[in-house]
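Asks: Sequence:
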Amino acid sequence: MIKILLITQYYPSHRGGVEIAAYRTALNILMSELNRIRWIAIEGEELPEKKNHLKFTPIKMYNFIEKFLPFPYPIPAINSIKILKHEVINNELVHIHEFIYLSSLIAFFYAKRYKKKIIITQHIGLIPYKSIIIRNCLKLVNRLLGKYILQRADKVVFISDGVRKYFSNFCKSNNFLLQSNSVNTRQFIIYPETKRNYIEHEMKLKKYNSTILFVGRFTEKKGIPIIIELAKKFQSILWIFVGWGTIDPIQSGLNNILVYRDIENKKVRDFYNIADFLILPSYGEGFPLVIQEAFSCGLPVITTIDNTNGYLDANKYLIALDKDNFKKWVELFDKIDRKSFFYKYSKNDLRHFAIEHWSEEKNGAFYNHLIDELITLKNND
Numbered sequence: 005m006i007k008i009l010l011i012t013q014y015y016p017s018h019r020g021g022v023e024i025a026a027y028r029t030a031l032n033i034l035m036s037e038l039n040r041i042r043w044i045a046i047e048g049e050e051l052p053e054k055k056n057h058l059k060f061t062p063i064k065m066y067n068f069i070e071k072f073l074p075f076p077y078p079i080p081a082i083n084s085i086k087i088l089k090h091e092v093i094n095n096e097l098v099h100i101h102e103f104i105y106l107s108s109l110i111a112f113f114y115a116k117r118y119k120k121k122i123i124i125t126q127h128i129g130l131i132p133y134k135s136i137i138i139r140n141c142l143k144l145v146n147r148l149l150g151k152y153i154l155q156r157a158d159k160v161v162f163i164s165d166g167v168r169k170y171f172s173n174f175c176k177s178n179n180f181l182l183q184s185n186s187v188n189t190r191q192f193i194i195y196p197e198t199k200r201n202y203i204e205h206e207m208k209l210k211k212y213n214s215t216i217l218f219v220g221r222f223t224e225k226k227g228i229p230i231i232i233e234l235a236k237k238f239q240s241i242l243w244i245f246v247g248w249g250t251i252d253p254i255q256s257g258l259n260n261i262l263v264y265r266d267i268e269n270k271k272v273r274d275f276y277n278i279a280d281f282l283i284l285p286s287y288g289e290g291f292p293l294v295i296q297e298a299f300s301c302g303l304p305v306i307t308t309i310d311n312t313n314g315y316l317d318a319n320k321y322l323i324a325l326d327k328d329n330f331k332k333w334v335e336l337f338d339k340i341d342r343k344s345f346f347y348k349y350s351k352n353d354l355r356h357f358a359i360e361h362w363s364e365e366k367n368g369a370f371y372n373h374l375i376d377e378l379i380t381l382k383n384n385d
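Numbering of the sequence shown is given in my numbering, commencing with residue 5 and proceeding in unit increments.
It is worth saying that the hints were derived from the structure and are not from the lab.
Only a predicted model underlies this, so the values are computations on that prediction, with no experimental measurement involved.
Just so you know, not all the hints are guaranteed correct.
Said to hold, decoys possible - In silico EDC-like links for lysine to aspartate or glutamate, alpha-carbon gap of 16 Å or less:
id: 1; residue 1: K236; residue 2: D310
id: 2; residue 1: K7; residue 2: E102
id: 3; residue 1: K327; residue 2: D310
id: 4; residue 1: K348; residue 2: D280
id: 5; residue 1: K59; residue 2: E37
id: 6; residue 1: K211; residue 2: D158
id: 7; residue 1: K332; residue 2: E233
id: 8; residue 1: K116; residue 2: D385
id: 9; residue 1: K225; residue 2: D328
id: 10; residue 1: K119; residue 2: D341
id: 11; residue 1: K59; residue 2: E49
id: 12; residue 1: K7; residue 2: D376
id: 13; residue 1: K116; residue 2: E96
id: 14; residue 1: K199; residue 2: D274
id: 15; residue 1: K116; residue 2: D158
id: 16; residue 1: K64; residue 2: E47
id: 17; residue 1: K119; residue 2: E102
id: 18; residue 1: K119; residue 2: D158
id: 19; residue 1: K382; residue 2: D158
id: 20; residue 1: K55; residue 2: E70
id: 21; residue 1: K134; residue 2: E224
id: 22; residue 1: K343; residue 2: D385
Hey, can you work out the whole structure from these sequences and the hints?
Replies: Right, dumping it as structure tokens:
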């Protein structure tokens, strides 16, 4: 039996990509009956569905920093630090998602002190915040603290090519690996035409020249202002927003915008199936999960060149534009609006790619091989 301590800041109910990916990875790791996982994250959130050998230890953390900075950074309470120490001691391997958070750092240093094996899964590199001060501070943290942590972990798993290349520019380590997040291809499927028509009827959607879908947080970093500007220019296109966040697309007052909040994950596939394209003009991400989900449902993706660096093998299927060249976005959607834009692959091509590259089985086999290797080395020390 291998006891694993999993560290994230939140649980999947927070709806962040990192937490959702961490949950899927945990379930994939539990495909091996030898593994047991204890998951530590902030208290006060709805816990995931109970699974055999997956236990939860919510801890108290303070989240006041998000009021002053454009990102959440929970601070563990004193008693929570004691819990972290106790759990590190009582597990054989510590699996951390994102090194930069304080609970991750505390778990890392306790793991080093008590000679536990450490896997870090790194999702994000440098986020190009508009604030020069915040951007340079993050760059400094990555180059100093990040370099120190990542070079001393037993294994570092990067979820995208772009993030790996970013850290490899200033980190020297032979422990760096590449493994994308997984997607549940049994949940995210291509609907038959009759079911798609039924859902459109149930949603009472008006007929538009095209339907464009966004899934995720309604924030500037995700490119919401760009989508709203496009919706203003192309009012014969329906723009559907599924997610949550600080920007409310409804406030634009446009009749061709629909917003759906608090949609459970498995219901999102309905939207992937009724849309003609997924749009994601985001920046500063690794490789967003929504792209993988869209592929699994056979939905073509329009995104930024920045995101194409995440998984290079998928580039031949991604419709990529410079996020700062709004003219190009207008030109593309003018073609879509006139139905004069075509792509050379099918829905099934996208789904087959997702199954081949991002299956849960492949992800689980990768992590379980890594865990077995590290525990074997530990036992032989």
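Asks: Which numbered hints turn out to be false for this structure?
Replies: 1, 2, 6, 10, 17, 20, 22
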